[in-house]
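Protein chains in written order, with this note's numbering: chain A, 96 to 711; chain B, 14 to 498; chain C, -14 to 441; chain D, 1251 to 1414; chain E, -19 to 77.
Derived from the structure by calculation, the hints contain no laboratory data.
Among these hints, one or two may not hold up.
Stated by the list, open to error - As a list, the in silico BS3-like pairs of lysine-lysine whose alpha-carbon atoms are at most 25 angstroms apart:
1. A/K256 to A/K464
2. A/K256 to B/K304
3. B/K451 to B/K304
4. A/K256 to A/K687
5. B/K460 to A/K256
6. A/K464 to A/K451
7. B/K460 to A/K124
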Amino acid sequence: MAVPVSVYLLFLAPTAALLVSFFFLRPYKPGWTHLPILASCAVVSGSAIDLAAKVYTGWSLDQTMGLWMAAGNWSVSFGVRIDGLSSAVLAMVAVVGALIHVYAAGYMKEDPAFPRFFLSFHLFYLSMIGMLVSNNFVQFYLFWEGVGLCSFLLIGFWTHKPAARAASLQAFVTNRVGDFAFLVAIFILLKTYGDTSFGRVFELMAYGGGPLLALVGLLLFVAAASKSAQFPLYFWLPDAMEGPTPVSALMHAATMVTAGIFLLARAWPLVAFVPGLPHLIAAVGGGTAVFAGLLACGQTDLKRILAYSTVSHLGLMALALGLGRVGIAVLHLIMHGFFKAVLFLCAGNIAHGLGKSAADISETGGLRKSMPLTMACFTAGALSLAGFWPTAGFFSKDGIIEAALEAGPGWLAMALAAAALGGFYISRMLFLAFFGPSPEQKPGRCHEAPACMAVPVGFLALAALTAGGLSHGIGALLGIGRLSSEESLALAHFSWPVFGLGTSAAVAGLGLAWFATMARPSFDWTWRRRLPWLQALVASDFGWRKVVALVASACWGLAEWIGGFLDHRTWDGLIEGSVPASVALGGTLSLKSGRLGDYLWWILTGTAVLLAAVLL
Amino acid sequence: MLTALWLVPAVGGAACLFSSRKTSRLLSAVFAAAVFAYSLWLSVPYTADAGVWGVVESGPAWIFGIRYHLALDGLALSLVWLTSFLTVVSLAASWRGSFSAGFWASFLFLEAALMGVFLARDLFVFYVFWEATLIPMFFIIGLWGSEGRRHAAMKFFLFTFFGSLFMLVGLLALVTHEHAVSGVWTWDMGALAGTNPQGLAGTLMFAAFVIGFGVKIPLFPMHTWLPDAHTEAPAAGSIMLAGVMLKMGVYGFIRVLLPVFPRLSWELLPWVGGLACVNILYGSLCAMQQKDLKRLIAYSSVAHLGFCLLGVLSWTPEGVAGGSLQMLNHGITTGALFMMIGFLYERTHRRGLADYGELVGRAPWLTFFFGWAIMASIGLPGMNGFIGEFMSLAGMARALPFMAVVAALGIVLSAAYSLPAYQTVFWGASPAGSASSKVTDLDAREKVLVWLLCGLMLYIGLCPTPFLDVLAPSVAALVPYGFTP
Amino acid sequence: MRELLGFFSAPMLWPQLTLASGLLCCLAAGMAREVSASVARLLGAVSLVVALWMLMFTARGEAGPLVGLDGLGLAWQILFYAGGLPVLLSLDEDDEVPAALLLASCLGAGLLAASSSLLMLFIGLELMSLPAYLLVARLPAPGAPPHEAAVKYFFAGALASCLFLLGMALHYVASGSLALSPAPGAMGLAALALMGAAALFKIGVVPFHFWLPDVYESSAPALAGFFSTSVKTAALLLLMRLAALGPAPAGACLPWLGAGTSLYGALLALRQTRLQRLLAYSSVSHAGILVLGVGAWAAQGCDPASAAPLFFYGLVYVFMSNGAFLFVRLSGLSRRPEIAGYGSLRPVHAGLFGVLLLSLAGIPPTGGFLAKLLIFWETVKVGLYGPLAVAALATLVGLGYYLGLIRDMFFDEPKWRPAEPEKGAVEVLLWVCAVLAASLGILPWIFSSALGRLLS
Amino acid sequence: MREICFYLAGAGAVFFSALMLFQRGLYAGAACLLGALLQVGVLLYLAGSPLVGFLQVVIYAGGVMALIVVAVMSAPADDRDAAMWGVFSVPRPLVAGSVLLLGVELALACAGGGAPGAVGATGALDKTLGNVLFGPYALATEAAALLLFVAALALVSGPQRRAR
Amino acid sequence: MTPAVQVGLALFGLGLAAVALRGRLLAMLLGLELMIAGVTVILTYQAGVFGDPAGLAAVVLIIAVAAAEAVVGLCLILRLHHAGLSGEASSLSELRE
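My request is simple: use the sequences and hints to build the entire structure.
So this is what it looks like as structure tokens:
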């Protein structure tokens, strides 16, 4: 099967751009580092769209490209798989990522470490692209970890900030917990089938697998939960806001957090194989969606609100997935990419306008006058997030509600709660940031973003409003070269009850937000003062952060105990102590008198012992 | 001419010893480079021959069944490469230091002894070279190390000698056992392979070998010499110590223990493999709380060698190949890390984590490369460390899945001990009185060296097949002895 | 009369006769006023070398009730004479008497090797020991308390001789002959134990060893080297002869005795602050390994041909120990701390000593390693794992002080300026000893065939 | 008769030895030893080896004892006092006793009679002794002679040697 | 065990006791002589029993050797005395451990 040039370009363009930038531009023209990278983004986007178009025509590709490692009859290969799932997500990631690149070029222009930023940024992008087109689990893992590495580098990009360092470390280590699960899953697959390519594994699954195969789905879910910030392991994502805003945008919209959901969608046959696991995923996802939505309502930092909102939406995707609606989950993933990118970039615009790296709600307000474009774009994103017809968010969120409705009232309640909460927190943010009362300082101080930042935001806002039109196309795309069952990939059909439920939830959220911010401007601050325990509860994520801190400090304490007390003092001390001990033993054994008489007595004793030994 | 591989450096060492300070440095470089070139050239006859033992060299029979017998297979070849390469790197890394002739000579002597270990096919010859490695390393640590060098050198020698005694007794018992069975006195590894002693005597022999090789690896709980030795050794010494000398233990497992005791090593896999798992977890946990960069890397070596051993013990092609490759990988990666710490130490004479901070601004290249090597060390896919660990654990997962799972926890811990240290030193705020102000970025010589090593890390990470191909015949020759499920 | 002459023409005694005539020539030359003592000593040394050379032509066999030379005795004479050479060559006093006494001592060892009767064994032992007592008094170490060691040595040695005599008498009572033939009954066993005690005393096995460090410490270094090699190996031969006499279980305690001795010696050496005393305890430790080897040899049936490991150990030890004591002599060091930094003052001498220490410690590729390996191997062959473990532990402890010396020599800064060492014979001897001690580990094929011929 | 004589001499030897053990003074000890050695001489004589007995008496009771006396006399001054005859409490009865005992034994021995059962009295051995010593045992004899020579050397060469 | 052997053993034992118990070097030397005398008794009588002239020859040689030994011992003691040291064994304990 011929591999189209576009596939090669997906890898070659970023690699070439990185090499050129690293070796030639960074040392000599650091200000130009981004140019080849932006060009590469364009090439990648073009290739991705080209591939999506090709796939739309019914073409798909699963091709082994080369041997990675081999021993005996055991081997792992490189390969690409371009099918409906990968091409749809790839197109979104490529385009949204490219736009964020453009934005970042403006946003980070002044930073002294601009080249370092851009190189890491593009590597991040490359890793995600590579992951999407992988045709086997090991290669997927390669890029999966590459994403993790870049997130480490970028979250901690401002190395001088202790919080950034801590957040990047936390992100990486937490992700490694998921990586551990992923790795174990791969080992089980290798042990069972001797192969990890998606097509082959799912094919062989029909003939059954070992008892360990049931674990694979679970382990993959753990991996996805760490990457896609599901409940027990979500905590790194809000903290990851310490990175520069474009990083957050890229991470939330395109490159990182979607990886987990994508993995589950990819490996859906494995997940569905385990009885009960889909419902577990749905429960965790729904729970996370509500949990994070509640927390998002209590945040004050613009980016943190968005971060919790991402967690909540990832939960919704997991909910859809768990209910067997992979297509809807992927659709929401794509739509979420558009509107979340716009929201983040707008938040970045605000911070940039304020001349800060992050902005708090208390510092903003009334920005509609000074930043009209940003306000417009943000509104578009917010509407999309809240799921108002006919924005992009509507199409996917309706699907989720429909899926929940079909599955049962409990699931429906979770989905609706998450939707209502989404409506609330995003409207609250919109009102407080743009419409609410200005803080003391003059709003005029704030300025609109420059063109290279505004243009991508505009495009993304447009997408957030209109991408819903693509949903049928995406639905058709997903079916091509599919590995999962047809019904799991089916999208929702419009129905009035669902429309009514979803829209009313969003409206309820919006109304409540208007009531809590515009009607009673002081409410948002006063409850924190009146109910300090509630404030504390929100700050600690309903106590979960404390649990995490406890676990971390327990691990650290264990390391201290083992490394310090057990290893160094006790065991090594024992070994080192053997030297003085043997010297002392020699001292006890020595005859200190030095008298001839004693010598003779010892000789006689020895003789007597010998005699006794011989005779007795 | 395999003899040349150890004789040339030995002669070179002697020549260095008796020449002046300047000349000896040059001389050592010439000899080391020649050996390296020769070791690369050796891959030609090696690959030309289809057999497992590409090049064999055998002397006349000696006393008591001992025979001077050297041979080169893929595994040995890869380690010969590593040795000659890291010797060149070590010498180049200490090029600017003011060392006496003995320093340069010691490295050549060390190279000679290591070559002998990897080439020997006769257990007696193997043991002689095995022990001979201790002498130059003793002097390297003791003469050119840092403050605690006297103590560390003694501890290193005594501790490893302790293990060697077990190995010696095991060897004697094995040879005697073989004589009792076959009526032939032989020390030849090939002849002893498949001897397969059983019962209590066999188990005791097996245990003696495990201790003998385990001390070198170092296998928990025989590891406590390692942090001291690595920490106090000069940078070049640490490179050789971690880069090559630790591999001797795993090499002994592959070369001697597994072929000789196939059944016992399969039956006792839960015990030995369990120790390797403890190595991984315990080493990582110890590394987490170290305040000294070199100690930290040293403990990380404890963990990494656990992966090697697990792979080798799995008796699967991928496990053995992965374990073998991991030896190479660990040599390159840890060698690079110790080298860079050496560069830092050269500038500031400090090693504490708390002595540094904010190096990213002062020494961007160093930051970049150190991060690179750290990533390779924690097994990031795309880097060499991943290939070794992945293949080892994949092999172990086929043998004893539970053990692979426990070992895989090490990848979480590796991030937890490496990255905080990296952040503290290179990213974090520079504390009061820190040595950071004295740090300058890498110069051209240092950069070339680091590029070489880091390039190899990436190359092996993405394209390990050339190396795996070299290893393949040895792996294929070993695995049939095994009792794979 | 014919018998009398036949004796001295017996070819198995030529080396001994050479030594005897060398002894007389040496004394005669010393008496003459116009001949300097060095010439007299040279005559003695020549006679030793000639005796060594004559071993090549010496025939094996019995001659009369007293003389019987087998491969063992022949091989061991190499050790005695080679062990005596360094001290003879390094004497520098203007006196021929010490040289004569040394020759007498070597002659005694030689007679011991060639004897097939307990009586001759006893006389040989005494002829070896009496000059040794005198030499301790005659050639004391610088700064040693006068006479103390000699007196201790004499009284302990005389007591051991008396024990041997009693054993001999009991053996005679039990067997009716003084020949080296087994004596039946409990009395025979008792006799064996008494004579064994004397042999163990001479070897310096715990707890018969207490005289040994005192004597080695207060003898001139080269003389201590002689004691630790020739005298010790002669006693070892005596022990082997006795082990061959006894029933198999009689030798059963030897491995444990030997292993215990090696560990004891090592532990005590660890805490010594005087170099010669340290080396003395190290020699106790080595003697323990040798006795362990004798035990393994006895357990294999006392076949002379399988004594090769013991011989090899003895041979290597001749060079290692003599070399180490010669270094002490050459450097003029007496207290252990004084050795600190010696490596930077006299790198060559320190290097040679380092090689000797590594050999003593048994690190490959030196001769000490191969020697130790062979002994250990013998114990493995007979399954004596318990004593072997103890001996291995002793090796480890031993490494502690040998390596400690190397560490102090090379890793420390010199705190003390030693006297300028003399050039000449001692330095050359040190070189020879070090080179041989090191190369015997990798060159034993030179000996492998010759040794087989010698012992079989 | 000879049997009585044997037991008498044996008891005498043991008695004098035991007496020696408890002597504080050196001269007294030496005298006791002398007594014991003389009794041993008698024992050897009784064993049918008058030559050996004679040698025993000559070498020990004669030569060696003389040397011991010299050594005692050369002891440092403060030490010598304790070893003086004056402190010697049992000399006269002891000397008298030993002389008396010797006389009785000689008389008994001369009185003849059968050899005691414990003794294989063979005077013939004495006669072959020379042949043995200078025949098959010549080497041992020579070695012993050399040993005596060495001992002489020990006495002749003091620690300070004549200057050349 | 004939009476002669018993007498010899007794002499040997008493000599041994003297060596082990007496603190004075000369007294110990006397003990040594006594031990040797005991051995000569045993050997002589046993030679008679066996009718073996070699046994007698051994006795003669032992006497000679013992004499040489005594001479050496006395010589050492004399030197001690010359050096002004007392003949007490316990005074010689400078070398120890």
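- Quick one, are B/K460 and A/K124 close enough, alpha carbons at most 25 angstroms? 21 angstroms, holds
- Message: Please verify whether B/K451 and B/K304 have alpha carbons no more than 25 angstroms apart.
- Response: 20 angstroms, holds
- Given the hint that A/K256 pairs with B/K304, does the C-alpha gap stay at or below 25 angstroms? Cα-Cα ~22 angstroms, so holds.
- Is the straight-line distance between the alpha-carbon of A/K256 and that of A/K687 25 angstroms or less? 67 angstroms, violated
- Message: Just to be careful, I want the Cα atoms of A/K464 and A/K451 compared with a cutoff of 25 angstroms; is the pair within it?
- Response: Given pair A/K464, A/K451 holds - Cα atoms ~19 angstroms apart, limit 25 angstroms.
- Message: Check whether the Cα positions of B/K460 and A/K256 lie no farther apart than 25 angstroms.
- Response: 29 angstroms, violated
- Query: Under the criterion that the straight-line Cα-Cα distance not exceed 25 angstroms, is the pair A/K256, A/K464 satisfied?
  - Reply: 32 angstroms, violated
Of the numbered hints stated above, those contradicted by the structure are hints 1, 4, 5, listed in ascending order.
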